[in-house]
Amino acid sequence: SAVISQKPSRDICQRGTSLTIQCQVDSQVTMMFWYRQQPGQSLTLIATANQGSEATYESGFVIDKFPISRPNLTFSTLTVSNMSPEDSSIYLCSSIRGRGETQYFGPGTRLLVL
Amino acid sequence: GDSVTQMEGPVTLSEEAFLTINCTYTATGYPSLFWYVQYPGEGLQLLLKATKADDKGSNKGFEATYRKETTSFHLEKGSVQVSDSAVYFCAALLEGQNFVFGPGTRLSVLP
Chain C
83 SAVISQKPSR
93 DICQRGTSLT
103 IQCQVDSQVT
113 MMFWYRQQPG
123 QSLTLIATAN
133 QGSEATYESG
143 FVIDKFPISR
153 PNLTFSTLTV
163 SNMSPEDSSI
173 YLCSSIRGRG
183 ETQYFGPGTR
193 LLVL
Chain V
633 GDSVTQMEGP
643 VTLSEEAFLT
653 INCTYTATGY
663 PSLFWYVQYP
673 GEGLQLLLKA
683 TKADDKGSNK
693 GFEATYRKET
703 TSFHLEKGSV
713 QVSDSAVYFC
723 AALLEGQNFV
733 FGPGTRLSVL
743 P
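Chains as they are written, first to last, in our numbering: chain C, 83 to 196; chain V, 633 to 743.
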């Protein structure tokens, strides 16, 4: 299994500011993903973080709002830009080591926007 | 489209009761199937998985069998504990390498 860490674990932010969340995997993985989990809801895929190229965003999510970086095979960042209270959620990083393999999740970042 | 459906919660049981959480999927081909568990204040943890028809995944007393004929992967446990209180997500890994998650089922076990 992969061990995934995220920083920060939680934060309280002001409206209009931006927050960058870091995700570190303990070994090289093929795919990394970012999800949002709104209170009491299931997971919604934001994007696939591609190593060395632009992320692939799901419908309803755009790069200007959620810029993503993945400079290498073990690390990715998600920025939540120009935040509003509607962005209050848990943001989860996940990874898959190889095609057809299990997806493992980080502990999540709990964001509250005031 | 491809989807995963779970029984709606919340489910409330007494300690040592029998648990079943139903999960069915709609997908082309034969996806791999997973159950994840999310304890309060934590991320998702893999609970068990099955990659082909008739496979049984098991872990921590939980079991689920991949039933192709009914496109189901129901989660069961013979005797639940208070520490099993969590949200349980059924998920499918589709042949296009996309994961689809169910809506989650919240389980509360009372002492």
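Hints listed in this document are in silico derivations from the structure and should not be mistaken for laboratory results. All C-beta atoms in this analysis are idealised placements derived from N, C-alpha and C, irrespective of residue type, glycine included. Warning: the hint list may mix true and false statements.
Stated by the list, open to error - Partner residues aside, some chain C positions facing chain V, computed with beta carbon under 7 Å: (1) PRO121; (2) SER124; (3) PRO153; (4) THR156; (5) LEU174; (6) GLY180; (7) GLN185; (8) PHE187; (9) VAL195.
As the list claims (entries may be wrong) - Only pairs whose alpha carbons sit at most 20 Å apart, straight line, appear in this in silico SDA-like list of lysine to any residue: (10) V:LYS684 x C:ARG118; (11) V:LYS692 x C:ILE178; (12) V:LYS688 x V:TYR671; (13) V:LYS684 x V:GLU674; (14) V:LYS684 x C:GLU183; (15) V:LYS688 x C:SER91; (16) V:LYS681 x V:SER635.
Double-check GLN185 (chain C) for me: the hint is only fine if its C-beta lies closer than 7 Å to a C-beta in chain V. holds, 6 Å
Quickly compare the C-alpha distance for LYS684 (chain V) and ARG118 (chain C) to 20 Å and report which way the hint goes. Given pair LYS684 (chain V), ARG118 (chain C) is violated - Cα atoms ~29 Å apart, limit 20 Å.
Take a quick look at whether LYS684 (chain V) and GLU183 (chain C) sit within 20 Å of each other, Cα to Cα. holds, 13 Å
Mind checking the alpha carbons of LYS692 (chain V) and ILE178 (chain C) for me, to see if they're no more than 20 Å apart? Violated, at roughly 23 Å.
Using 7 Å as the Cβ threshold, decide whether VAL195 (chain C) counts as touching chain V. violated, 19 Å
Close enough to count: is the Cβ of THR156 (chain C) nearer than 7 Å to one in chain V? violated, 18 Å
PHE187 (chain C) was flagged as interface toward chain V. Is the shortest Cβ-Cβ separation under 7 Å? Nearest chain V Cβ about 4 Å off; hint holds.
With a cut-off of 20 Å on the C-alpha distance, tell me whether LYS681 (chain V) and SER635 (chain V) pass. Satisfied, since the Cα-Cα distance of roughly 17 Å is no more than 20 Å.
Quick check on the hint: PRO153 (chain C) CB to chain V CB, less than 7 Å? With a minimum Cβ separation of about 23 Å from chain V (threshold 7 Å), the hint on PRO153 (chain C) is violated.
Does the interface hint hold: is PRO121 (chain C) within less than 7 Å of chain V, judged Cβ to Cβ? Interface hint status for PRO121 (chain C): violated (12 Å vs cutoff 7 Å).
Against the 20 Å threshold, does the CA-CA distance of LYS684 (chain V) and GLU674 (chain V) hold or violate the hint? With a Cα-Cα distance of about 29 Å, the restraint between LYS684 (chain V) and GLU674 (chain V) is violated, given a limit of 20 Å.
Is the interface hint satisfied for GLY180 (chain C)? The criterion is a beta-carbon contact with chain V at less than 7 Å. With Cβ-Cβ at 10 Å, over 7 Å, it is violated.
The structure is inconsistent with the numbered hints 1, 3, 4, 6, 9, 10, 11, 12, 13, 15, although it conforms to all the rest.
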